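With the hints as constraints, model all of the structure from the sequences given.
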Amino acid sequence: MTDFPEYPFDSHWYDHPDGHGVRQHYLDEGNGDPVLFVHGNPTWSYLWRRPVLALRDRYRCVAPDHIGMGLSDTPGEDRYTYTLASRVDDLDALTGHLIAERGAPDRGWTLVMHDWGGPIGMAWACRHPERVSRLVVLNTAAFPNPHGGKVRPVLRVPFWVLRDTRLGERLFLRHNAFLRLATCPPLGMRRMLPKPVRAAYLAPYGTPEQRRPIQRFVQDIPLGPGDPAWPVLRDTGASLGRFSQLPMLIGWGGLDPVFDRAFLRRWRKHFPAAQVHLYRNAGHFVLEDTGYQFLIALRDFLRD
Numbered sequence: 001m002t003d004f005p006e007y008p009f010d011s012h013w014y015d016h017p018d019g020h021g022v023r024q025h026y027l028d029e030g031n032g033d034p035v036l037f038v039h040g041n042p043t044w045s046y047l048w049r050r051p052v053l054a055l056r057d058r059y060r061c062v063a064p065d066h067i068g069m070g071l072s073d074t075p076g077e078d079r080y081t082y083t084l085a086s087r088v089d090d091l092d093a094l095t096g097h098l099i100a101e102r103g104a105p106d107r108g109w110t111l112v113m114h115d116w117g118g119p120i121g122m123a124w125a126c127r128h129p130e131r132v133s134r135l136v137v138l139n140t141a142a143f144p145n146p147h148g149g150k151v152r153p154v155l156r157v158p159f160w161v162l163r164d165t166r167l168g169e170r171l172f173l174r175h176n177a178f179l180r181l182a183t184c185p186p187l188g189m190r191r192m193l194p195k196p197v198r199a200a201y202l203a204p205y206g207t208p209e210q211r212r213p214i215q216r217f218v219q220d221i222p223l224g225p226g227d228p229a230w231p232v233l234r235d236t237g238a239s240l241g242r243f244s245q246l247p248m249l250i251g252w253g254g255l256d257p258v259f260d261r262a263f264l265r266r267w268r269k270h271f272p273a274a275q276v277h278l279y280r281n282a283g284h285f286v287l288e289d290t291g292y293q294f295l296i297a298l299r300d301f302l303r304d
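Numbered per my numbering, the sequence shown finishes at 304, counting up by one with no gaps.
No lab work stands behind these hints, which were simulated from the structure alone.
Take the hints with a grain of salt, since some may be wrong.
[Claimed, not checked] Pairwise CB distance ranges, derived in the manner of DEER restraints: (1) Asp300 with Gln245: 19 to 25 angstroms; (2) Asp304 with Arg107: 17 to 23 angstroms; (3) Arg127 with Asn31: 35 to 41 angstroms.
The structure displayed is predicted, hence computed values, not measured ones.
Think of the CB as a built atom: it goes at the ideal place given N, C-alpha and C, for glycine as much as any other residue.
Right under this line is the structure:
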């Protein structure tokens, strides 16, 4: 049991069978049809605390922390490769373990994704399309940047500084600047989090070593064919059509400076029948900005 606000969950651990002794933390709450929550950067399963609380009376809610994030182990780069492909492999191994060893069904999964949980989750779904029955999308992508190979002008300088300079190295590792900025207005959300909640988001990243995976996540963002993660993102985007008949719920923060309306339009193009809730005054952390408003929509969607 961990001690964070609104996070009264038992911790579970999966030892990845790669010979490196890396443990992955995950939540596994409730019974019923499985709902798989996939977070992005720089968050962890704490992001999903309210949906898990709202759904665990009817559904089996599984929410992993990516390796190096949240309560999972943070191995050195001699033991783990912090790439998109590795994240997909991790999710595949964990869900396979739950199906083979922990009684989870091999069909009927609802996939809920936020931020870089979109590429990770949908790439996993492309490996096992028969497992997925419903999709929930929250300010994310699973396709190349609709703005092309360039970062939007408003983000170009800070992105370059954080990703490619020594100053960015210091800001990431020494000062935890990326996570601190992401968890306060106006970049990540539009309203200030309660201090204990913001502290919980920050808690797993107290040392430079614990912040390294956050930096690696940003450095792995694929902008073009020369980037290592590009083939995974490209192939996932090209495969979305196989899921176009699945029920989809989109909850979108309209003031997200990164995943803007162009990303939402791309999702709607791929999934024209999706149920869309656009929260015009919400930011990237749409779950935090909308409170229980989106949770009601999510529960109704699953019930229907």
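Against the structure, the hints:
{"no.": "1", "hint": "Asp300 with Gln245: 19 to 25 angstroms", "in the structure": "holds (20 angstroms)"}
{"no.": "2", "hint": "Asp304 with Arg107: 17 to 23 angstroms", "in the structure": "holds (19 angstroms)"}
{"no.": "3", "hint": "Arg127 with Asn31: 35 to 41 angstroms", "in the structure": "violated (25 angstroms)"}
This entry does not satisfy hint 3, going by the numbered hints stated previously; all others are met.
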